[in-house]
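In our numbering, the protein residues as written are 1340 to 1845.
No lab work stands behind these hints: they were computed from the structure. Some clues are possibly wrong.
Listed next, with one range per pair, are the computed distances between beta-carbon atoms [to be verified]:
#1 Val1435 <-> Gln1806: 31 to 37 Å
#2 Glu1409 <-> Glu1675: 32 to 38 Å
#3 Pro1349 <-> Pro1454: 53 to 59 Å
#4 Gly1571 <-> Arg1426: 57 to 63 Å
Even for Gly, the Cβ is constructed at its ideal location relative to N, Cα and C.
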Amino acid sequence: MPSPLIRLHPDDNVLIARDGLGLGQSLPDLDLRVRAQVPAGHKIAARRIAQGETIRKYNVVIGVAGRDIEAGDHVHTHNVELADFQRDPGFCLDAVPVAPVAPDEQARFLGYVRPDGRVGTRNFIGILASVNCSATVIKAIAAHFDAQRLAAYPNVDGVAAFAHTSGCGMSSPSEHFDVLRRTLAGYARHPNLAGVLIVGLGCERNQVDALVDTQGLARDPRVRTLVMQDSGGTRATIAAGIAAIEAMLPAANDCARSEVSARHLKIGLECGGSDGFSGITANPALGAAMDILVRHGGTAILSETPEIHGVEYLLTRRAASREVGEKLLARLAWWERYAAGQNAQFNGKVGHGNQQGGLANIFEKSLGSAMKGGSTPLQAVYEYAEPIDQPGLVFMDSPGYDPVAVTGQIASGANLICFTTGRGSMFGSKPAPTLKLASNTPMFRRLEEDMDIDCGPVLDGELSVAQMGQRIFEQILLAASGRRTKSELLGLGDHEFVPWHLGIVS
């Protein structure tokens, strides 16, 4: 039987409870007696920790003792304080070149090869609103194309509407304006979309013609536009939109899957509802899968800038160049300024679910979050929704809020999302599907309708992190080839398009 406590590093002064521990429970093999009731995934002191002494997990500082902590005490928010500390970026010191897999030996999947050579994992037609004022119209157009009407087009995965709450009432020019246009353009040219219809109102600041022209979107049978004020209003625009989609469907249905290399995969990495096991099972196992993907020529996109705060040096030490590492630090510095301007705290408390799951603060959460990126060199850093053209492990700046982060990753070119969770996040996305990875088996079994992969066997000692990584990689190839994910089977993804809002609304 595995020990009831997990020691992650010989120099750690905390241990992780594999299962719930009772007050007074004796642990003879560790010469400890539990001094509190400790839930699964939470920490207990491996030895006495004096007030002010650093608390280490994976031999990484996650805080300091707010008071004297005795061996066997529960270590959590009541006695752990977040204390910032000097971190040496150590640019490039830990960057180890990747041993690539030969092109003829790379893993394969069945994807949609687009005219520009990019590869999709799904085959949707998308409808984009330039402004919130056309949101209802694009939803009505998409709703027309139900399963019965699409039955004649078996190669089309669906017609998806991407509505949002911006596009007007915003400063122009501004960073907010640029981010919105970049996000919409990223979806318009996404390889998972066989065709796109962009619908505007007509008087908004984000004009449809200017959006198309400034973002270099070609007007052709694949990209069409409508303006409600020029089309005769709501009903007339819905009718015109339906006609436009009907004209695109035959060409979209002519698309067929073909075998391609895994180097065409761009995987967005996300975590939400994390717990104390996320950094032990699902996140490092996903990182192991990304190491495999990178060796096969693919791209892993790590994001959520606030959730690498405190452990960013683990990435700068793996930066492929000093320039890449400094660009990552520049994004963190931007966040410091941005948070101050919003009267917010950049290194704030973690959410209720994270605390319930055993995570004491943002540094501890960041430690697990960063593990999703694996161990290969950090090749590039991108701004939110900026097109990603560099293979390997890259970083895209984003908030930690799941829908906003994933929207940016998809706009940057991610054609599949891998989402780890410990508490159980019910998330899905379009046009790139989401695979959800559970950090522990009890949650996986409780929420099996929503979870794709159980990473609990790592915790139970049945599989190593490397073995689970291989299993995840194999599941990625199957999902990329068309096997439906749990969120797709549930019909999720219609309301998760959430571009990042910056700045004031006027």
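So, going through the hints one by one against the coordinates:
1. Val1435 <-> Gln1806: 31 to 37 Å: violated (21 Å)
2. Glu1409 <-> Glu1675: 32 to 38 Å: holds (36 Å)
3. Pro1349 <-> Pro1454: 53 to 59 Å: Since the Cβ atoms of Pro1349 and Pro1454 sit about 55 Å apart, the hinted range of 53 to 59 Å holds.
4. Gly1571 <-> Arg1426: 57 to 63 Å: holds (60 Å)
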